[in-house]
Structure formats: structure tokens, C-alpha cells
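Model the full structure from these sequences, guided by the hints.
According to numbering that gives the first Met the number 0, the first sequence is numbered sequentially starting from 0.
To be clear, the hints were calculated from the coordinates, so they are not data collected in a lab. Computed from a predicted model, the values in this text were never measured in an experiment. Where a beta carbon is used, it is the ideal one built from N, C-alpha and C, also for glycine. Mixed in with the good hints, there may be bad ones.
[To be verified] Distance windows between CB atoms, simulated:
id: 1; residue 1: 452; residue 2: 496; range: 12 to 22 Å
id: 2; residue 1: 376; residue 2: 136; range: 51 to 61 Å
id: 3; residue 1: 355; residue 2: 334; range: 26 to 36 Å
id: 4; residue 1: 408; residue 2: 58; range: 28 to 38 Å
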Amino acid sequence: MSLKVYNSLKRQKEVFTPINPPYVGMYVCGPTVSGESHLGHARPYITFDVLYRYLMHLGYKVRYVRNLTDAGHFEEEGREAEDKISKKAVLEKLEPMELVQKYTRLYHWAMERLNNLPPAIEPTATGHITEQIEMIKKIIADGYAYETNGSVYFDVEKYNTDFSREGQPYGILSGRILEDQIESTRELDNQDEKRNKSDFALWKNAPPEHIMRWQSPWGEGFPGWHIECSAMSRKYLGDEFDIHGGGMDLQFPHHECEIAQSAVCNHKMMARYWMHNNMITINGKKMGKSYNNVIKLTELFSGEHPLLTQAYAPMTIRFFILQSHYRGTLDFSNEALQGSEKALKRLLEAHDWLAQQQGLGNDDAAATDPELNGKVDKLLNEFTEFMNDDINTAKVVANMFELVSVINAIKDKHLPAAALRKDIAAQLQQQMKLFVEDIFGLKNERADNNGKLDGVLQLLIDIRKDAKSRKDFVTSDKIRNELSALGVQLKDEKDGGMSYTVA
RNA sequence: AGCCGCGUGGCCGAGCGGAAAGGCAGGGGUCUGCAAAACCUUUUACGAUGGUUCGAAUCCAUCCGUGGCGUCCA
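Now the structure itself:
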């Protein structure tokens, strides 16, 4: 059975066939590092991280490219118009690079906390000005762009006319018809510089106070909003690559413009499979700057935001996102996050216990419970089946929980461990580890302290056991309650054992 | 205006033509010195109205609500 993904370009699920197996090229639109990442940004990065991990698990050699936008229309968050910023930045001697570095570091920190693997290449727009200029020159030379007052615009109408004949009209990805849009575009700055309203900027002339500027054949300026992705994906993945991903809101105009620019330069549809994740909503609305409903990742991790009743761990966020399918909207609320927090805790505790077991299962297959074996086997096999069906992590999670019930039943001896066949038990351990840790990237966030904490707690557990055996409940309760107040929960187990979890 | 999309229990979410996954919360129970955890068990749902079909949450139509794009934003 092979992997199928929903291709936005074709509006249907398709079998994934790489252009040059076993190599896979994947480009995902990264953040603009002029501000902090928020919960909404976490979704595409987690979604495509899981896809990246899954593709590698399938044996593909993946080159994952995710850009950093650090040039162009730039403003630090919390401030207003661009020119004000530039002026203020000049007055305060604030280097654009300072902003970029600050937010890049924060972004990398958040990605690591969310346990997203770093992409193979993380190119920056400022590092590829030359490539962008070269691409723009080529587009002008071919007659699909024109210069006005030091700015360069892409001629969308000409492109649409010519490339429609090649079966690639402008709007092919988002299903828009150019004629329908011409009437509908709103007023923008410098609209009079464009031949048509639907034209978009490839290069913008920089006004004197603009602090980010580069020399170009058209004077000092900065690149347009879409050209970097065309230039950088081409440089690192070639004229035609396998997967292009990003948020649904980028489909139009960003990805549409990328396609047009690349098509002029390479005469190819740049990517075969276009994958778009849906939005995270908060009270039903997209989380975004313009709605003033943004919860930054730092705020989420610390709990410091008026909309938050508590802090949420990065793994809780990751799990919350994986509990839904990436193409559906996901609605944020404290109640939902709290639900995920508890669910994840239960999943990881069962998973940890399972991972520690040795020699689980019964050698004597005849003495095992065929119904149980069949159930576990089926649930495990479906992991792959669901992932192959357009990365349905929600269904995989559902199966994981059915297995958690089985695992806990064995742990608590409600089910005899001997009911499970040896090979099924081994498969259970192997598959749970593979999917929970390697593919979903979930891990216990217990602080790593070289086992010192564990030693200390083991001592307290021994003292408590001792006290209990003497029926000295004052002492045993004191240990339990005071540890609880410190965020360490002791759990008495069936066989007289004790374990703990750190909140 | 237009172009896409969505509306499933208290909450979050799968399913997308054949008896409504899973998680959280709530109820009852087992276990426990008491708890917690765990396990068992259980209440509650397909926006509305028509249609197609032997059969619809799933297809079609209309309506209502709502979101995204359209404009910097994942």
C-alpha cells in the first residue's frame, strides 16, 4: 500500500510518486522573522515535520528546505506603518539584522521545544538577493515583467494569456479565474505604476528612509514578496521538485505568484504535489496579527496571556495539533488544550511503561488470547494505513489510545501478560516506539538530571513504603502531599510498587 | 460583489452512501488506610427544510450560521 496525499493542485488525493526516487525534494514556506512565532505558525511546521519524518521512515532521502524571510516589507511587531519604523530604527540606530537575529533565535528555540527536526537547508532571503535579481532579469528579458520608477512588476495578464495555452493559467492552484479578479482588486500603494491591478511586485524601489536596501539594475531597493521562494526552491531543489507545502492562506496569492515566476524561468510547474494545512482558529477565527488574537509561542509556554488560564508545554501543543487532521481547521480553547494535556500524559505514561518491559508476551502461542492478539495486530497495522491516507494523524492517535487501554490492562494485571503472543507483544513495543517517538516526535519532557532526581525520589518512595507498612499514615501522607505540592505525583500500584510522574 | 470551504454530544475532533472513531469533561463501579492513577461501565451529537436512494452525517437543491482568500499575516 502506498502513500497518498491530497494535492491542492489537483484537488484530490493522489499516490505519491517522487520524481527521482529515492530522493524527495520538499519546500515549505517558513516564517517572516520580524516578529515572534505564534500558535498558528506552529501548525505547518509540525504538520510538515511529521510528513518529513514519515517520508524518511518510508525510506526516502528527503531534502527538506524551509526558508526564513528576512527581507522586504519589514516592520517589527507592535508598531505601525513601515516608514515610521524605518525612521525610528534609524533614530535608535537599530539594525534590521538585530531584529532578524533576535527573532530567528526565538523561532529556532521554539522549533526545538516543539521537537521539530531542523530542515536540511534553511535559506534566507537576504542571502539570496543575487539569485532573486537574476531571476527577475530573466523574467524581464522574456517579456513578462516591466520596470516603472525603479520597481519591477510581473505582467500577470501576459503570463495568463501565454501560459493558458500551455495548460498553466494564472490561478491554476487556487482555482481563480484572472478575468474575475481584475475587477475585484483593491487599491494598493503605487497602483498607478502597474499596468494592471493584478500585477505584483518582483522588486520594489526603496524610498530614502527605508533601511533594508540592495543595489540592483533598477536602483536601490528590495525584493518583492514572492520571488525568494521561487529563487531558493529552484537553487536547492531544481526546476521541478516533489512537494511544496505551507498554510492554506498562502495558496493565493503567494503560491500562485511563485508558480508564475518559476514557470517563466523554468517552463515547468515547479512542484508536483502542493500540500496546504488549514488554520488554527480561536473562537472560530484565524489566529493572525490583523485580528489581534495572537497567542505567541512564548506566551503559550509560559501561560502569560489574558486568554490563557495556564501554561501549556510544547509537547501538549504538538499533540493537540496531531489529534486533528491537518486539512481541517482546529479550534483553540483552554478546555481543548487541557484535554490534550491529560490525554498526552496518559499516552506517554503507558508508552514509557511498555518500553521498559522485557520479555513481554507468551512463547506458548496456543495459550494466548486470539481475540486480543488479533485486535492489537489490527490496530498496529492501521497506523501505516492511516498515515498513508493523507497523513491522518488523528486516526493514528485514536488507535494509540485503544492500545493504551490494552497496555494499562496488562500493567494493572486486569489482563494477564500471558494473553499476548510473544511476536505481537514485540510488534506492539516496536510500533509504538516508532510512531510515538520517531514519527510523531512526542517525548516526555521530564527534565534530564542524570538520574539524580530519580535517586532522591526512590529514597522518598522507600521511606513512604516503610511508613505505610508500619501504618504510619501521617508520615506516608506527608511525603505524598508535599511532593504533590512540588509537582511530583506518587502513584501506588497494584503489586505494592510505587511510581511517580513530574508535572 | 466574487472565488473556495466549513457547520458532528458540555468541549476538541475522526468518519464522507450501509448499525456515529478517539480524547477531555460528567455519572456509576472496581482497587486503595484515604486519595491519586489505572481499569470496567455509562448519559448526551450529525445547523434547517426539501430531494435522489432499498438505505444519507455522508450525494443534490435551497435557506440559516460561520470561516478563509481577495490586503502584511501560516
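Check your understanding: Which earlier hints turn out false for this structure, listed by number in ascending order?
Key -> none
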